[in-house]
Amino acid sequence: MPRKTNTEKSDKRGNRTREARAPRPKPKIDFTIDALDYKNTNLLRTFVTDQGRILPRKYTGLPAPYQRRMTAAVKRARQMLLMK
Numbered sequence: 000m001p002r003k004t005n006t007e008k009s010d011k012r013g014n015r016t017r018e019a020r021a022p023r024p025k026p027k028i029d030f031t032i033d034a035l036d037y038k039n040t041n042l043l044r045t046f047v048t049d050q051g052r053i054l055p056r057k058y059t060g061l062p063a064p065y066q067r068r069m070t071a072a073v074k075r076a077r078q079m080l081l082m083k
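At position 44 of the sequence shown (counting the first as 1) the number is 43 in numbering that gives the first Met the number 0, and the numbers step up by one without a gap.
Calculated from the structure, these hints are not laboratory results. Incorrect hints may appear among the rest.
Below, computed lysine to any residue pairings styled on SDA-like, alpha-carbon distance capped at 25 Å [said to hold, decoys possible]:
no. : residue 1 : residue 2
1   : K74       : R52
2   : K83       : T70
3   : K83       : L35
4   : K57       : A76
5   : K74       : R44
6   : K74       : A34
7   : K83       : Q50
8   : K38       : A63
9   : K57       : L35
10  : K57       : A71
11  : K57       : T70
12  : K74       : T59
13  : K38       : A76
14  : K38       : T59
15  : K57       : T45
Label pairs and their computed distance ranges (CB to CB) [as the list claims (entries may be wrong)]:
no. : residue 1 : residue 2 : range
16  : G60       : L80       : 24 to 30 Å
17  : P55       : R75       : 25 to 31 Å
18  : L80       : K57       : 26 to 32 Å
The structure displayed is predicted, hence computed values, not measured ones. Glycine included, every Cβ here is placed at the ideal spot set by N, Cα and C.
Produce the complete structure using the sequences and hints provided.
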């Protein structure tokens, strides 16, 4: 069996360890905060999965206050039946 390099670390079960996993790039979305409104459904759809779940800050890259505003806007748009 060939020797493993530092990038190919694995545990006893053969799973890749945390150090060996490639980091996932965070999709950064640039927008003006004025555009973050419940009526702007095209922008809000970028923060929602195909199943309709709101993406967390980890993936959106938004600061906490903007994430809260975005979440409120998505929920408001759902109530108005602008989004499903």
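Results of checking the hints against the structure:
1. Distance restraint check for K74 and R52: the Cα-Cα separation of roughly 11 Å lies within the 25 Å cut-off, and the hinted pair is therefore satisfied.
2. Proximity of K83 to T70 is assessed by CA-CA distance (about 14 Å); at most 25 Å being required, the pair is judged to hold.
3. For the suggested pair K83 and L35, the alpha carbons sit about 18 Å apart, so the restraint of at most 25 Å is met.
4. Among the hinted pairs, K57 with A76 is consistent with the structure: their alpha-carbon atoms are about 22 Å apart, no more than 25 Å.
5. For the given pair, K74 sits about 12 Å from R44 by alpha-carbon distance, which is consistent with the 25 Å threshold.
6. Distance hint between K74 and A34 is fulfilled; the C-alpha atoms sit about 16 Å from each other, no more than 25 Å.
7. Of the supplied pair hints, the one linking K83 and Q50 holds, its CA atoms being roughly 9 Å apart against a limit of 25 Å.
8. Restraint check for K38 and A63: the C-alpha separation of about 21 Å stays at or below 25 Å, so the hint holds.
9. Of the pairs offered as hints, the one joining K57 and L35 holds, with about 19 Å between alpha carbons and a cut-off of 25 Å not exceeded.
10. Distance check on the hinted pair: K57 and A71 sit about 17 Å apart at the alpha-carbon level, within 25 Å; holds.
11. At roughly 14 Å between alpha-carbon atoms, K57 and T70 fall within 25 Å of each other, so this suggested pair holds.
12. Taken as a hint, the K74 and T59 pair is honoured in the structure, with Cα atoms around 17 Å apart against an allowance of 25 Å.
13. Our distance criterion of 25 Å between C-alpha atoms is met by K38 and A76, whose separation comes to about 7 Å.
14. Only pairs whose Cα atoms come within 25 Å are accepted, and K38 paired with T59 is accepted, the gap being roughly 20 Å.
15. The suggested pairing of K57 with T45 holds, with an alpha-carbon distance near 14 Å, which does not exceed 25 Å.
16. Take G60 and L80: their Cβ atoms lie about 29 Å apart, and the range 24 to 30 Å holds.
17. Between P55 and R75 the Cβ separation comes to about 19 Å, which falls outside the hinted range of 25 to 31 Å.
18. Judged by the Cβ atoms, the range 26 to 32 Å given for L80 and K57 holds: they are separated by roughly 29 Å.
Hint 17 from the list above is the single one not met by this structure.
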